[in-house]
Every structure is written in structure tokens, then in C-alpha cells.
Amino acid sequence: MRRLLLQPLLTATLILIATTPISGLVLQGYSFSFHWQSPLFLAAAAFVLHLGLILGRIWSRNQFRPVAALRLQKGAWATGPEWRRAMSLLLPAIGLALPFFLDKYGLTVAILALIYVLLALGLNIVVGLAGLLDMGFVAFYAVGAYGYALGHHYLGLGFWTALPMAALLAAGCGLLLGFPVLRMHGDYLAIVTLGFGEIIRLILNNWMDFTGGPNGVQVDFPTFMGLEFSRRAKEGGVPIHEFLGIAYSSNIRNIFIYLVLFLVVLLVLALVTRLKYMPLGRTWEALREDEIACRSLGINHVVVKLSAFAMGAMIGGVGGVFFAASQGFVNPTSFTFFESALVLAIVVLGGLGSIPGVVIAAIVLTILPELLRDFSGYRILVFGLAMVAMMIWRPQGLIRPQRRIFLTGRH
Amino acid sequence: MKKLMFHGMILLAWMVSASPLAVAGDAIPIGVAGPMTGAYAAFGEQLWRGAEQAAKDINAAGGVNGKKIELFKGDDACEPKQAVAVANQLVERHGIKVVIGHFCSSSTIPASEVYADAGVMQITPGSTNPMVTERNIPTLFRTCGRDNQQGSVGADFVVNKLKAKSVAIVHDKDTYGQGLADAMRDALHRLGRKEVLYEGLTRGEKDFNALVTKFKSVNADVVYFGGLHNEAGPLIHQMKDQGLKATLVSGDGIVSQDFVIAAGGPAYAEGVHMTFGRDPRKIKEGEEVVARMRKAGYEPEGYTLYSYATMQAIAAAITATNSIDGSTLARWLHAHDVPTVMGIKGWDAKGDLKVSDYVMYRWNGQGSYEEVPQP
Amino acid sequence: MIVGMAPEIVVQQAINGLVLGATYGLIAVGYTMVYGIIGMINFAHGEIYMVSAYLTAIFIATFQFFGLAYLPALLAAVLAATVLITALYGWFVERIAYRPLRQSTRLAPLITAIGVSLILQSYVRLSQGARSQGIPSLLQGSFTLNIGPHGGMIHITHVQFFIIVIAFLSMALLTFLMLKTPMGRACRATEQDLVMASLLGIPTDRAISTVFVIGAAMAAVAGVLVSLNYGSFDFHIGFITGIKAFTAAVLGGIGSLPGAMLGGLILGLAESFFSGFVNSDYKDVFAFSLLVLVLIFRPSGLLGQPQVAKV
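Protein chains in written order, with numbering that gives the first Met the number 0: chain A, 0 to 410; chain B, 0 to 374; chain C, 0 to 310.
I should point out that these hints are in silico values taken from the structure, not numbers from a laboratory.
Even glycine gets a Cβ: it sits at the ideal position worked out from N, Cα and C.
Certain hints may be false.
Quick list of the computed label-pair ranges, beta carbon to beta carbon [unchecked claim]:
(1) A:ARG2 x C:SER197: 41 to 49 angstroms
(2) A:ALA92 x C:VAL277: 53 to 61 angstroms
(3) C:TYR69 x A:ARG182: 38 to 46 angstroms
(4) A:ARG182 x C:GLY140: 23 to 31 angstroms
(5) A:ARG182 x C:ARG101: 47 to 55 angstroms
(6) C:GLN139 x A:LEU48: 39 to 47 angstroms
(7) A:LEU154 x C:ASN278: 25 to 33 angstroms
(8) C:ARG101 x A:LEU296: 55 to 63 angstroms
(9) C:LEU73 x A:PHE374: 49 to 57 angstroms
(10) B:ASN218 x C:ASP192: 58 to 66 angstroms
(11) B:LYS281 x C:GLY140: 54 to 62 angstroms
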């Protein structure tokens, strides 16, 4: 019993010492004011938390848990073909119906969530499957967004032409980044990609004449078969609400973007799922596990790594195009390192390499901060706490990727 | 897996069903948006304090046509993405009909599309970038000046008063800062001068020693800075540490006590010049409000009274038209002048103030600023 | 480009670069040591530095309030207190975000580190407010030297002088600690082979904690010096400085102590010369390009040992 209380007491004392200056002594210009409650509160919270953790550990030690049996049963059930088929029909249906039940704010958030799904799927190829730690993924996102914005500004490209072109441009950038970093591993790769992301953002910010610098670029909203989504069409155009004979609502445009984006997400999902079981995907994973073994087996690591970079970059670029289209305005502040970190967090929290996990994590991590918007001051704090707690609680992510086993002799 | 899906669904369902907050029948919902968190939270606080005080005073006097004003705070942290999200949230969830904000021009511009689309009238008390009103949105106004006006006053002062021979221009590579620096450069060119240096520094950094030495190498006798106090403070500190005699001139981005703190004390801030609208605290109409806010322990510096005046203009428009429709209110504001704590204000067709008077101020050795006497 | 510049300008830029580089180097030590011992990037390290900047201001205000006016004593007390409390923060970060994840994938601690930096940032913002804070200028005055044919002046402020002296003193102390003491030996053994070290009875957990504490302490030294030098800070200075310091650590060869200092100095000089003589807009682009170039030709940094892949 004494030992039980001793440890938490020690923690609380240390917390008290550490937090007294920062949260207890608050700077007022060059002097300070003393708030004795807050460090005491933090220390008390630490005491309760630590005690709870210890009690929890004791309690769980005394519990009998048939872990293995449960997991086997669950696994067998979860991968059942009926369940899989039902979900693969049900989820897209829900997704397609969703925008008609959301208000404009809800739609904005939903579109943002889908964009993050795309980004996370792209990064998942690079980090999750190929095992290349890319901390500057935002670069490709920026290339996609600016590709559309500048293509529209200078060349008059529409959304539908810009989409494939920006995707190719981003893939090209992926190759460009891929070449110099072929020899690098782990954290050297991380810092170089991080640097690459920053370089792209800085160039976008500094090249005033071409990119508009911090003022950003205005983007036209997409059209659908020549129909426009604005209240009044430009010369010669027809607004879609007049064409359909319904009242104008600014929601129509967002619903349209959402639907197109949703279809693209489905397409990418299908592509990525297939790729995982195709030779290329298998090679990515093999290279992640052991590069030397792969190379000695005659696998061309250059092609494999570059294809992963290009593939991931392309999907990131598509995400960027949709971001530009839904915001109507891009400027470099949207492409900071924080975005890269966020997407990386999504991939890791979802479970490296697990596609459903990544999708769920992307949706949760976009919606969570929005739900917390009303607690504005504590938003980032809760977000950070959730990240730490999640990693300690489930370090392998939400869903541990399962390797599909191909059984022979069964048809 | 299934359990997780289930939780995801619940979360989604919650999102969907989170219906707009019911707006009480006898309240007028008004949004106040700005950087409430982040590096520029000092300005967000100014907007909020001013609007809050005004709403309190108006409500205490019986409200607007018998209805109380209800304020909703929106935090954009000075990021365009968040600005759009928060604008949507204010419009859709809180049902606001008028918004005071945003502060950073780079947030005001994308957010204004949302407000314009929803027919919400927007008045920004602090976005001075010309682009804000140049896009001719009929329901968008501002109660502050424009950077090109600031630039002209600045350039005139630098050339005619300080008799500067070589002017270096630096900015913080942000919409506001660079816009101001560009305005300064254009105004200088109009006066037949050319700057000796035009460069950007990185927001968030503190070491500008290399740039300061560069000022020395081009013999700058005036340094014009387009940006906010967070960077202006260390800049002047390092200029003085390196023994540079050049005068630092800046715009309304350093109008905050925080500038003195960031510079390292009044001794460092002394002698820095800046352009700002005639000090609203010295205008007769506002004396009583200023006294009241000071008594409550808040110094209404910077944009606080701009925000207060904005709220008064909104209240006046709603009282006169008895409507909360954005375009009706906007039409009325375009046509009528409004008495505020900052004197009588009127707007032109673009939504800019008809009269805006930028004045040169100088920080003194006591950590406050005073107007530079006109010749 | 440097040719034709007045010599005093070139020397002044070199001094600017050295001062900046010394602070990068001090912070880079934290990255490099943590990486050396557990092979992970401690992304929260920049925030530890940010916390120490706040602690500096708070302790200056507190000690002055209690009547400590004699400047050297005040500075020493502030330095000691800041280093102590910051080290405690470093210890907490390891205990909460790294130790529970010792057995998990390599990326999990990266995510907790990002989480911890968000927590530290919001913690400081919520307690101290979002406005930028500052400390009064305690040390004023500078050394001036006349050089060059036209008698050009260069300025080294007393604080800048202190930064360089203290940076090298603390690097020397650290090197001594790591090479000559039992604690340092334990750390180095853990660094070489964690499992083997623990089999041989070395308390590896404690060694790892020690490394975090030392890293935080060095960041605190940097925090005190930088705050004295620039006089102002806010709750998100940790990010940019952290990234620069990390770049310095990788440039010098991550895992190598002299490499961290060397990388810091090179990065500081590069930034200073580039923005002084070319263009400050593209200063950071240049810094990162330099990093990429160095890594292409020396994939494990300037002083790093190349990893030998065993089959």
C-alpha cells in the first residue's frame, strides 16, 4: 500500500516542481504574477492519473484473458467474405448519400476529410508499404494545388484538364525527389524529404512574379460539362441551377466537389488495394523488410523505390487539386510542415500499411479538431494528448495490417 | 475492425446531426473572427475586446430595436484554411448575419467568399491590404485604411521629413507585410527615389543579424519594415546592438505594447516610427469608452476601438433598416454616415472609408507612442 | 560576391554566422545524442528549447523580485535554475513519450514526439498567453574593433561573446562527461548495443534517461543564451529552431557530438553569408539545398560513421 502511493506522490511532486514556473508564474511584461492553483491542479491530476495507471495494471494482471482464442475468432469473422461484400456496398452508398444531409459547414469538413484520406493513401504507399520515411509529403500536395491554380491562371486550364496534368506534375516531382535520395536510409531520408517540402513552400512564397507569393492565387471553381456553379455565370456560361431549374444554393458546388472527390477516393482505394497484392506492391513490402535481401534476389531497387515515390506523389497531387478547387484560393500558408506531420500521424495512427485503418484515421483526425473547435483554446492540446495516448495504447495503429494468405487447393 | 467502423459511424452521425444552434428569437447573432490563438493572438484579442465592449454597451442601452446582440467568437489563427472553415461554421452553425473580422488579410480574402455567398455582411476592422476591397464585393467593408495610403504617408515622411538618401525595405513575406512593403516601394518610386534593398525575412525567426549587417553594407539610413511586431522587435534590437544609426519605420502592424516587449525594452523601441490612423483613443467621441475600458483594466490599444466602432456601425444599420439581411444593411451603409467612437465614418462604393487619415507616430523612451508633430 | 565587399562587413557576417551556429550546435546536441542512443528523432526537442526560453524570463523576473540584483550572480542563478527545470522536462518527455514505446515500431515514437510538441506548445500558450514575451536587456554594450583600410567597425555584443564562450565550454564539459565518467561510459555502451549492455548489467533505461536530460540541459543553455541575445520569444519559436538544429545535426553526421557543433557552425555561417551577400529570401532554400548536396556525397553526414550493412 505504501509503495502504491509512493510512486504517484513522487510523480506529483516532480510535476509540481516542473510546472510551478511555467503555469504558476505568469509573465506580465517584465514582471510576473503568481497563480498557485494551476500547478497544484496539474500535480493532483498527475497523481490521480498515475495512481489510476497502477491500479489498472494490478487489476488487469488479476484478470484472465483468453487472448489468443478471441483474436483468432475475431479475425476469422472479420475477414469473412459476406461481411466484406456487404461493407464494400454499404459504405460507398452511405458516402454518396452523405452530402445531401449535410449543411455547408459539414460539407466543408467532409471534403477536407476526404482530401486527407487521399493524402494519407498516397503517403501510405511511400511510408507504409515501401518503408521510406517521407516527412515532406506536403510538397506534392502543394504541387497539385498550385499546378491547378497556376495552370488556370496562366494557361486557362479547367478543372478537368488540370486534374490529370497536376497529378502527372506531382508524380514528376516525386521522381525528381526520388533520384537523389535513393542511397539514403531512415532518418537521413526523413530530413532530406522534410527539406524538400520546405524548399517547395519557400519557392512558392518567394517567387512573387510567378506564384503571387503570400498573396496566393485565386482558383476558378470547377464546372460540370460546361455548366457553372456560381450564382451568375460568366459570359456564355450557363449556371447549373438554371439548367436544372432549381433555386440557387452555394451548396450545389460543394456537393459536386464532394461527389467527384468521393469517386476519386473510391478509385484510388481500389487501385491501392489491388496494387498491394500485385507484384509491385509485394516488392515494395519486401524492400521495406530487407533491402539487401531484395537486391541480392535481383530486384531493381531503383525502379521499385522511384515507383513508390511517384505513385504516392501522384495521389498527393490529386489531393492538392481538390484542395484548390474547394478553397477557391491557395497560398503557401496551407502547405507547412505541420500538414506533413499530420498526414504522417494519420498513416501511423491508422496502422502502417493498413488501408482501412488509414482511411478511418484520416476521417477521425480531420473531424476531431473540428469537433473541438468550440473549445478553441484546448483544441491543439487535446489533439496532442490523443496522439500520445493512442500511440501508447495501440502502438501498431488502429488496425494491424493483415497479410492475406493465398491457400492452394481451395476454389 | 467492426467496432472501429461502428465508432466511426457514430462520429459521423454526430457530425451530421449536430444541427445549427437554435438562434433565440430575440437575439441578433454577430460573429467576431480573427486570430484568437497563434502568434497574432494579441490582435484577435483587440478585435474581441472592442466588439464585446460595444455589444455590452448597446445591450445595456436596450439593444438594437429591442433585440440583444449575441456574439460568437471565431478563431482562424491567421491561417486561410481555418478562416474558411470558421467562416462556414459561423454562418451555418451559429447563423450569424453580420461578421466583424477577420484580421489578417490572407484570412479575410478567402473567408469573404464564404460570407458573400451566404449574403452575410462583413466588416473588417484591421485588414489593410488593397485586395480586400478591390474585388468589389458589395457586402464587404472595412473601418481601417489601405496599405497604399499607408505607403504614401510613409514614403512622404521618409523622403521629406527624414531626408533619407538610401532606404532599405524589408517585409515578412506575408500578405500584409509584403503588401505594405510594395506600397512603400511604389510610393518611393513616385517620389523619384529607388530603394537600396528590397528583401524578405522569415516569420518566426529571431536572428536577423545577417540582414542588419547587410543594411550596414548598403549604408541604409532608413529601414522600412512591412510586418508585425513579433519580427520588428528583434529587428530593431539587433540594429541597435550592431550600432546601426538607421531609423526603423513601419506600419500599423507594430501598434501594440507587445512591440516594446519584443524589442527588449523601451530603450530599444525608442525612435521607431510607424503609420497608424489618428490615435482613436484621442478622439473626443471615444473618451468616455476609453476611460471605462481602462477602469476595467484593459488598455484599448491598436484595433480595439476600430472593432468597437465597427459594432456601432452595424448596430446603426440594423436599427435604421430594421433588417438583418446582408445586402439591405450594406446598401444602407454605402449611403449613410455613422457616428462612432472614432468620429463620423462613411464608406465609398468599394467599401473603403471615405476619409482615412494615416499619421506618423514615434515610440518614445517610456514605451508608448506619440504623434510626430506636423510641420 | 564576397570579393569587393568591405572586410569589416565580411568579418561581421562571419561573427553573425558563428553566433547563430553556436546556438544551433547546442540544440543539435540533444538531437544527435538521442539519435545515437535509441536511433530516434526526438521531435519534441525544439519545444524543450522553447520551454527553456520561457523559464529564463520567468526566473529573471522572480529572482529580481526577490532582490537578486548583482548581475553575475543573477545570470548564474538563472542559468542553473533553467537548466535544472528544463532537464526535468526532458526527463518527463522520455518517461511519457518514449519509454512505453521502447518495444514498438520505429515510427510510433515519432508520432508521440509530434504529439508531445503539440502538448508542450499548448501548455505554454494556455499558461503564459499567446503574445510574444521578452526579457529586459541585462547585458548591454559591445566590443568594437577597427579593421580594414578605411577603419571599418565591427561589433560583437557582450552577449554574443558569451554565447560563443559558453557554447564551447559546455561542449568541452559534455565531451569530458561522455568520455571520462562512468555515466558517460554507460551511455556509450548503451549506444553501441542496447541488449548487450543490459545483459552486462548496465542500467540502460537510466542511461537513456540521462541522455534526454543532458540533451534538454544543453537546449536550456541555448535557451538562456538566445533569450539574452534576442530579448524576445513566443510559444512557437521551438519549431523553426528545432528544424534548423536537426538539420545541423544531420549535416554534421547524426550521432556524433563534434559533428553537431560542426554542423551548427556550418549552417549558421551558410545562412549568414547567403543572406548577407546574396538574398535573404532564399536563405532557407540554400540551407536545405546544402544539406541535400552534402548528403548525396556523404550519405551519413560530415563526421558520421557510415553504416555498415551486415548481411
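Non-conforming hints, listed in increasing numerical order: 1, 3, 4, 5, 8, 9, 11
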